[in-house]
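S.K.: Listed here are the chains, written in short residue letters.
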Amino acid sequence: MSPETAAPAAPPRFAAAVANPKVMQRSLTLNEKLFLGPFLKSLAYTFSRMFKKDVTRRYPEQKMEVTPTLHGVPVLVMKDDGSPRCVACGLCEFVCPPRAIDITPGETDRPIEREPKEFVIDMLRCIECSYCEEVCPEEAIVMSSDYEVVGRRREDFVWNLKKLLKPVEALKARIEWIRKTYKRWDGAADLAPPEGGVYRDPRWAGKSKPAEHH
Amino acid sequence: MSSLTEKLVTVSDLPPQHDYGAGGRDLHAEPMEISMGPQHPATHGVLQCKLLLDGEKVIKIDPVVGYLHRGKEKHAEQMTYQQFFTLTDRLDYLQPLANEVGWALCVEKLAGIEAPPRAQAIRTILCEFMRLSAHLVWAGIGGVDTGAVSMFMYAFRDREALFDLMDELTGLRTNQEYLRIGGVGADLTPELVAKMRKWVADFPAHVDEFELLLTGNRIFHERMRGVGQITAQQAIDLGVTGPCLRATGVGVDLRRARPYLLYPQLEFDVPVGTRGDAFDRYLVRIEEMRQSAKILAQLLDHLPAGDWIAKDFKNVLPPKGRVYTSMEEMIHQFKTVTEWCPPKGEVYLATEAANGELGYYLMSAGASHPYRVKIRSPSFINLQALKPMTLGSYFSDIVAIIASLHFIMGECDR
Amino acid sequence: MADAPANPPTSSSAPTAAPPPPPDPLAAAMTALGAEPQPTTQDGLPVFRVERDAWPSVARAMRHDPQLAFELLIDVAGVDFPKRRPRFEVVYHLWSLTWNKVVRVKVGVPEEDPQVASVVGLWGTADWHEREAFDMVGVKFAGHPDLRRILMPDDYPWHPLRKDFPVEGIDNSISYVRAGGVLMTREIDVDRPAGQDRTPVDLSRGDPAGYSDGTPTLPEEKAK
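Residue numbers (the working numbering), protein chains in the order written: chain U, 2 to 215; chain P, 27 to 440; chain V, 4 to 227.
Distance windows between CB atoms, simulated: (1) U:Pro99 - V:Tyr159: 21 to 29 Å; (2) U:Lys164 - V:Pro89: 50 to 58 Å; (3) U:Pro112 - V:Pro156: 53 to 61 Å; (4) U:Arg153 - P:Gly252: 51 to 59 Å.
Among chain P residues calculated to face chain V with C-beta under 8 Å, some are: (5) Glu99; (6) Lys135; (7) Gly138; (8) Gly265; (9) Leu375; (10) Glu383; (11) Gly385; (12) Lys400.
FYI, nobody ran anything at the bench for these hints, they're computed from the structure.
Note that beta-carbon positions come from the ideal geometry of N, C-alpha and C, so glycine has one too.
Same shape as in the complex, but just chain U (with noise of 0.2 Å):
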């Protein structure tokens, strides 16, 4: 468009469209008017679906296959000494879209800072984003297999501290799909987590407490 003269030319008929549209025409033939042809096609054809191989899936006998992407709800690991892994940082209470997740979080006589007095998931809220497990700093919060959770009343759905422990041998291959698919990029270092899931600090090695805070 040139500055200098008046008004440019108008261009064609809406810049906004697609210069050659694909157009849609459809019009019935004699065959399809007199309607008893295609009517007897499309019927045989749909007689022919009852003799193929069908694609319902039975359920609940047959389950869909479980693999560790799968979403179920999300669960506490246990340690071995049964103490749960979580130090009640807050980040998935904080995360959680649908506000699922409320922490207690209490002092401990453990070599941490702190671990959750309580941890309650409204599982009737939770939507199973696996935001709180993406955000978990201490691979403490994992994505269950298990999504077929029933109860009668709704406190049946509200999961405290002990219904949400799960020892960590029966969420290896959940574990295993975190650190593979969280390292976000190649070439980042694909540092584990040691023993016991916790970071310790080694000026606190030997010692049973954290220093005192003054």
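Once you've looked at the hints, dock chains P and V against the given chain U.
M.R.: Leaving out everything else, chains P and V in the frame of chain U:
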């Protein structure tokens, strides 16, 4: 609650050119007020149509929406940008990832982040899969609404296979929450690409099956030809976009008019209709399914290698292994999750969803949550076309028109 | 500029004198109508601010002038800025199919007289857009044939997308779970006047620091 009839409306009150059918003005007839919906199997969700009928003819129609209003725009003001992905999924719930793509592109434009080429390719692939997902539901439900019940089964058989592919990629069949700001949530494995390629190669034969049942079917023609006709001028005036606009002859497709992702590099046709009636909308969507399969074949054959999320420590969560052991990445993790703030500004970005132009108008004040999100929902706008399309037509045509407009109340009401 | 978008500055200090860019005919036409160009934001759309009284004539020109030819009204959004004067802003996005251009037009609407001219006569799609803006923010559109609520029930007394409306709503029952897994339900007494069971409304929450455009604040704040 407003009523369509203030007082008893008799035949003599109606305009003289109104056609009363057999009996004419000598027959005393009263218009009937009917509420179709909101609980109705054929209204594509919770839509209430308040109708005033003269026998079977529609004299007045008033669509009432808002039964599925969930306050997403209000919630957006309290949620972080990543959390809002879960709400965008549930807009047009037949095509969750396509809604997510629109939001991701909008936020990335605001923040000046660029997703790597592989992530863009994966997003384009998912957009087209989701377009197929939405059109398959339209085909199935459109068939069922007009009487062709087996059509529903075939369309959903294909959709189940598509769900299995999504399950393998994202872990969830629907409402996948798979996209991230800066890229996608996980990579496409070569096995999955092969499965997708096979599904895409088999798909055009399935579209032939759908056409065998419906396109040459005289009953389908009688139900859809000439029904819900709208001119191009009316459609543009009403703000209609997407297949409903293209069926009137206007070849406007956002993938070509205001391109995004990898669409400028792809070869595909944009189908248009000629008369703007329900049958043309059917033809346009069937052809769009074929074109989507063509696009997918091109993308899956030429998937770029590389990162699937931006290598950007300030905007993307760092690698998990480092978060476990290194302090700096741990701090980045915390800050990105809780305090990620894009700059101040506004962005309007629209993508071509299955129903039309899905736009996000995002205003940011520089905080970790948006200041205002306005979702320009195509179903909401296209639903305005219901009135001119149905006035004067028969009651059973309303079902065919609703099926051909294919609005989704989740998107309409937000 | 305080409102400048956070884009990296373009290098305008080139050693050789580059020819000035050709004047944008769209900006020229809009300025001639009375619209004020605004700095563009990250999406690169031309943005114009139009005075409320000038809006009907500007809209008419945008629709009918063949050089502008904005045939499609994409979106009408109502936005609430509690600390600004005028308080409300109606943002129109328009698309010219003939020229394939999208623009954003903002019209400020004061709280004392929350109405603006309706554009239903020019773009039929504005019908539901304006009903929604009225429903959510409370801006009335003069000349709209049927301005009633669209998403909320017809007799709903509040406007939800205003910044002083809480996200959990008013006069509804909320159920939530406390730590310990006990299901709690909080019922709100519908007969009690709104506001008594909530913490006092703080309008400053709506407009983070630095987001106001410098217009005078509320009289009560000045007195402090």
